[in-house]
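Student: Dock chain B against the given chain A, drawing on the hints supplied.
First to last, the protein sequences are chains A and B.
Okay, so the first sequence: first residue is 1 according to the numbering used here, each after it adds one.
Okay, so the second sequence: first residue is 1 according to the numbering used here, each after it adds one.
Hints should not be assumed to be uniformly reliable.
For identical chains, the list gives no copy identity; a pair is met inside one copy or between any two copies.
Stated by the list, open to error - Derived pair list, reagent style DSS-like, types lysine-lysine, alpha-carbon separation capped at 25 angstroms:
1) 67 <-> 84
2) 67 <-> 15
3) 73 <-> 9
4) 15 <-> 84
No lab work stands behind these hints: they were computed from the structure.
Please read these numbers as outputs of a predicted model, since none were measured by experiment.
2 protein chains.
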Amino acid sequence: MPKRVSRPKQDQFEKSLRGTLAYNIRLFRFENGISQEELAFRCELDRTYISAVERCIWNVSLGNIEKISDALKVEPWQLLVPPKELG
Amino acid sequence: MPKRVSRPKQDQFEKSLRGTLAYNIRLFRFENGISQEELAFRCELDRTYISAVERCIWNVSLGNIEKISDALKVEPWQLLVPPKELG
Numbered sequence: 001m002p003k004r005v006s007r008p009k010q011d012q013f014e015k016s017l018r019g020t021l022a023y024n025i026r027l028f029r030f031e032n033g034i035s036q037e038e039l040a041f042r043c044e045l046d047r048t049y050i051s052a053v054e055r056c057i058w059n060v061s062l063g064n065i066e067k068i069s070d071a072l073k074v075e076p077w078q079l080l081v082p083p084k085e086l087g
Numbered sequence: 001m002p003k004r005v006s007r008p009k010q011d012q013f014e015k016s017l018r019g020t021l022a023y024n025i026r027l028f029r030f031e032n033g034i035s036q037e038e039l040a041f042r043c044e045l046d047r048t049y050i051s052a053v054e055r056c057i058w059n060v061s062l063g064n065i066e067k068i069s070d071a072l073k074v075e076p077w078q079l080l081v082p083p084k085e086l087g
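Next comes chain A alone, as it looks inside the complex:
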């Protein structure tokens, strides 16, 4: 039974570029209905790496932004646009 993927909570949003990236990855994962494990698998990255990115721990490289956006079927720049609903 696959784990349910939940929408990121707005009060978890960290207002920074890392926070924007983290929030957007979680939002697009939710929209694609895929877990961190599945995203990691599609990106050929480690699940713990994806988890750390979503917790704003890593200074992600352009190459990994591209891998993640490919896996989420969005354009790389879309991952850096501050979420509208959070102002």
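Tutor: Relative to chain A, chain B alone:
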């Protein structure tokens, strides 16, 4: 006498995410009328690093994308949008 900043040539555009970043940095440098040296100074990065980024050599980190976008007075995501004029 400051060096003239030239508009990036379209035939120098490398079609990749690094190429998009490189092209946009050069385009916004041109629009701001600032040299690589001046951009590097504003970012507190080395001039040779900026030069390498513009030649698609580096896998730039999110932190440096932010520094560069701040210095160019654009939003970070704008540096990753493929230039319209190049399709």
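Student: Which earlier hints can't be squared with this structure?
Tutor: none
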